[in-house]
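Going line by line, the protein sequences match chains A and B.
Take this note's numbering: the final residue in the first sequence is number 1001, and no numbers are missing along the way.
Take this note's numbering: the final residue in the second sequence is number 1092, and no numbers are missing along the way.
Simulated from the structure, these hints should not be mistaken for laboratory data.
Please note: incorrect hints may appear among the correct ones.
With a straight-line cut-off of 27 angstroms between C-alpha atoms, the simulated DSS-like cross-links for lysine-lysine are [what the hints assert, rightly or not]:
{"no.": "1", "chain 1": "B", "residue 1": "1051", "chain 2": "A", "residue 2": "439"}
{"no.": "2", "chain 1": "B", "residue 1": "1084", "chain 2": "A", "residue 2": "742"}
{"no.": "3", "chain 1": "B", "residue 1": "1019", "chain 2": "A", "residue 2": "695"}
{"no.": "4", "chain 1": "A", "residue 1": "190", "chain 2": "A", "residue 2": "287"}
{"no.": "5", "chain 1": "B", "residue 1": "1080", "chain 2": "A", "residue 2": "439"}
{"no.": "6", "chain 1": "A", "residue 1": "895", "chain 2": "B", "residue 2": "1051"}
{"no.": "7", "chain 1": "B", "residue 1": "1030", "chain 2": "A", "residue 2": "282"}
{"no.": "8", "chain 1": "A", "residue 1": "380", "chain 2": "A", "residue 2": "515"}
{"no.": "9", "chain 1": "B", "residue 1": "1019", "chain 2": "A", "residue 2": "905"}
{"no.": "10", "chain 1": "A", "residue 1": "889", "chain 2": "B", "residue 2": "1030"}
Cβ-to-Cβ under 8 angstroms is the rule here; a few derived chain A residues that face chain B [what the hints assert, rightly or not]:
{"no.": "11", "residue": "254"}
{"no.": "12", "residue": "452"}
{"no.": "13", "residue": "578"}
{"no.": "14", "residue": "587"}
{"no.": "15", "residue": "644"}
{"no.": "16", "residue": "709"}
{"no.": "17", "residue": "750"}
{"no.": "18", "residue": "888"}
By construction, the Cβ of each residue, glycine as well, lies at the ideal position given by its N, Cα and C atoms.
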Amino acid sequence: MTKNLRVKTSKFIDETYKVSFKFNGKTYYGYKGDTLASALLANDIHLVGRSFKYHRPRGIMTAGSEEPNAIVQLHSDTSRTEPNVRATEIEIYEGLEASSQNCWPSVNFDIGGINNLLSPVLPAGFYYKTFMWPASFWEKYEYFIRKSAGLGKSPTEPDPDIYEHKYYHCDVLVVGAGISGIMAAKTAAKNGFKTLLVDEKSYLGGSTIYQNSEHFKINNQTSSSWLDKEINEIKKIENLEIKIRTSVAAFHGYNFLLARENLTDHLPLNQRNNKIRQRLLKIRAKKVITATGSLERPLIFDNNDRPGILLSSAVEKYANFFGVACGEKNVLFTNNDSAYETAISLIQRGINIEAIIDNREEIDSSLIKETEKNNIKIFKGYTVVDTFGYKRINKISIMQLSKDGQKVIGAKKSISCDCLGISGGWTPAVHLFTQSGGKLKFRNEDQVFIPDVYSSDQISIGSCNGDFTLDEILSNTPQILKEFLNLKETNYENLEVKSSFNKSKRNIWLLPSDKVIGKTKPFVDYQNDATAKDIKLALREGFRSIEHVKRYTTTGMGTDQGKLGNMHALGIISETAGSKMGELGTTTFRPPYTPLTFGTIVGRNVGEYFDIFRKTPIHEWHVQNKAEFENVGQWKRAWYYPKNGESMHDAVQRESKAARDNAGILDASTLGKIDIQGTDASEFLNRVYTNAWSKLAIGKCRYGLMLNEDGMVYDDGVTTRLDENHYIMTTTTGGAATVLGKLEDYLQTEWPELDVYLTSVTDHYATVSVCGPNSKKIVSQVIPDLDFSDENFPHMSFKNAKIGEIKCRVMRISFTGEHSYEINIQANYGKSVWEKCMEIGKEFNITPYGTETMHLLRAEKGFIIVGQDTDATMTPIDLQMDWIVSKKKYDFIGKRSLYRSDTIKEDRKQLVGLLTENPDEVLEEGAQIVADIKKSPIEMLGHVTSSYYSPNLKKSIALGVVRGGKNMMGQKLIIPMENKQINVTVADPVFFDKENKRLNA
Amino acid sequence: MFIINCPYCGEREQSEFKAGGEAHIVRPKQPTELSDDQWAEYLFMRKNIKGIQFERWIHTHGCRKWFNVVRDTSNDVIKAVYKMGEKPPTK
Ligand SMILES: [Zn+2]
């Protein structure tokens, strides 16, 4: 029988709306408005998980997004299951199913708990020290580490939910809807700024909205009722948009912020269908007001991690906001006045307090006086030295602190309890501020980092700016807003504020114990099980930088990024190393503030929308004719056309043979096309290509090689002179955009005096390439008006023509070595021209072929493919293409680099042909090439770049790059493979029709 | 993601632009007359400053124009933009 610890519902909980949910397979009840954490606590459940390294039982510690322990696996189905969901954030809904993580077989009995007993041998850096050697064992270690480490399970099926991205522009963005955020949003909106107010919680008002006490008053009303009225007012302001359940994940430069808006996670499952689950807001704000509040600090003492130990502010929130008592025998442990606010809240609700332990000796405030009036025992100048109870705290030991706070003195006392609320003061939530590039300063009085220098038009207000008390917030915020928004006044002048909070605090980063540190477990990072002992060990081993200590001890590296304990880690480091806090700096706060789902990050860009893909105008024909496609850049290109269940190899062999025996047809529309016009067009080509262009006659085509300034081959293609000052350049499919960019670069920045205009026309034309001995017969029937005689229309020339009424450009150029023609026509006629070629070609055995056959055919001819046979380290000389490098031209891009001491070396890798000893053996592309396998280490000479079985030569052919290969013609080399060696001979890279007879066949 | 004030189009998101490295490195007029060292200086040597850097950007998804930007690389604050061929600002 579980107990019911609901003491009194609050206005934030709807008692008429009962919600059932499952935790670890058992059904429980809560109310609408509960979080999973508050509902579990109401059922007296604290134990919710196991820690990462020692598998220690852990309970709910906080009431917010900073929660380190209460992280659960949500949903049980394989597509929606989600790990690392904070029980303190997820609102319960009918049908919720959650379970504990990092435990097996169950949270109550967990085998990994043995690590806790082994902890003396699991110190900081344990994984680094133990599992690195011998390296060959890593695979075995990894299996066990992965099995026992890790938090939660990933879904195994695709995410069925819908996510989206949205851009949002506003004048003022206010992050955080606590009291200062509400004041800021109202002030901005009322003064005409288009304002967006976001808060990660499901309600507005922060912690003030449940601060219902006579000790905190504004204009004679309790602070919560005053704020309630403000909230009702801002909801009516037109130019103010309010988004709750919206967490800012990242604050980038130029006031660009990413926020995750949670739209359906709180709804019953049956109300979520077809709704967007989460939305990523990409916010660009002219001004940003950060009002993210502050996080309560825990206290660091031995065994400070047992279930039942919570932050004092969380105990207060569970009582005030959710009407839930965290225990029946509560003890509070504090170094400041905050715990007394909690005490008074508990007293108001009739929740029992056993005692309060206060580090301070001299304390005096009206909060404390009222607590004492209620006969609650306060141990002044005491500290907790140990806690007891394995799955739930049941007892604490306390001792008196010495004057200097370094030691404990006197006799040990025991207090039995079932809940311990701890308060170590407050840490401003400066995560977003520092993400944006802001610089912090350290405030010595209360040992906090606060914003100092801003990097953009933004300001921090409220407790994230170090104003922790109600009177400070209400007096400072209006002043800051006036200056920031350039206003004469706000609605918040001359407020009458009563705040009983006394700011005195006794800060001791690591509380002393009666035991030596080696025998204690004072946790600093709860999720990653990093203790003060680990941090001291790291310092002893020589680590000094906070970033190094963090990584060595894993402090702050959990899913909570150490929101609770990072300050203590810094404090312990500075005390141990004897350095000043302000000088030590902080670790970097990296986005996201709280974890984001992958769904939110990718939005709608899933499945076919993952990336843009480009289709040629003839694409549909390829699909209908069962082509397999390959991705080339963003293009989908027909790869091969399997017939009757043919394998890829068989299809490519058939296509390759057909193209040389009869005729082949290829969709070449994806080649980049750049229209070049202007009186200096010829001069421009002279400068960008390695060969000479001035003398190219109108109507002629020429192959060109383009280099980078470092002399390496960049792109290639055929350029045609259409007119005196008009050329059309083709580029490789993948290089089209970068070639255009590079040409624009030279035109605009180096040679602005040239009269040249570039236009990308890749998408404007469809290109149908027909090759083979029957190509002329086919194309001459497709375009009957054109004279196809070799005299009128020789190889490497172009003609304007018409198919019916439609103008087209026909080039007689060849990438296969066959007699061939390319018809370029307005894109939307591409498919009909292709179909016409197919229809006429039928009697000439025309065969469509894809990119794979194109690659095979060009390899037979030894034509390179830039990017396959070259890799940005190949010069034209390395490619044995000296013939294309003009000796006469004074300059062209990359020329000077061709005779740098490095590029003229004889032993550079050079392109050669490779023939295997066994003609049926086809080499693997990428395979290494060596000469001597006896020498160790074996010297690598190069690698295979292209390799095929040639059906036309009936043997295996390959291209490769080999160090000094140019002078190795006929030499035998070795390709060592996993189980064999393949013997090859260096050959001329042109394997087929060396005399180019077929071009005119 | 920062905002760049294209001198031809006005303020646009950084994602519309591409960076093109250090500005004001003039391609030698007579490369053939340079020693290997001099050519290497032009080809490879870049300052990569932490602080105020003069650099080239192109408005790729816009007017496709190259222009110069003065950017503080330590915090991405853009101090000035100016067209190709214009003199860099002196302060
Ligand atoms: Zn522009």
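If you check each hint against the structure, which ones fail? Hints 3, 6, 7, 9, 12, 13, 14, 15 and 18 not satisfied by this model.
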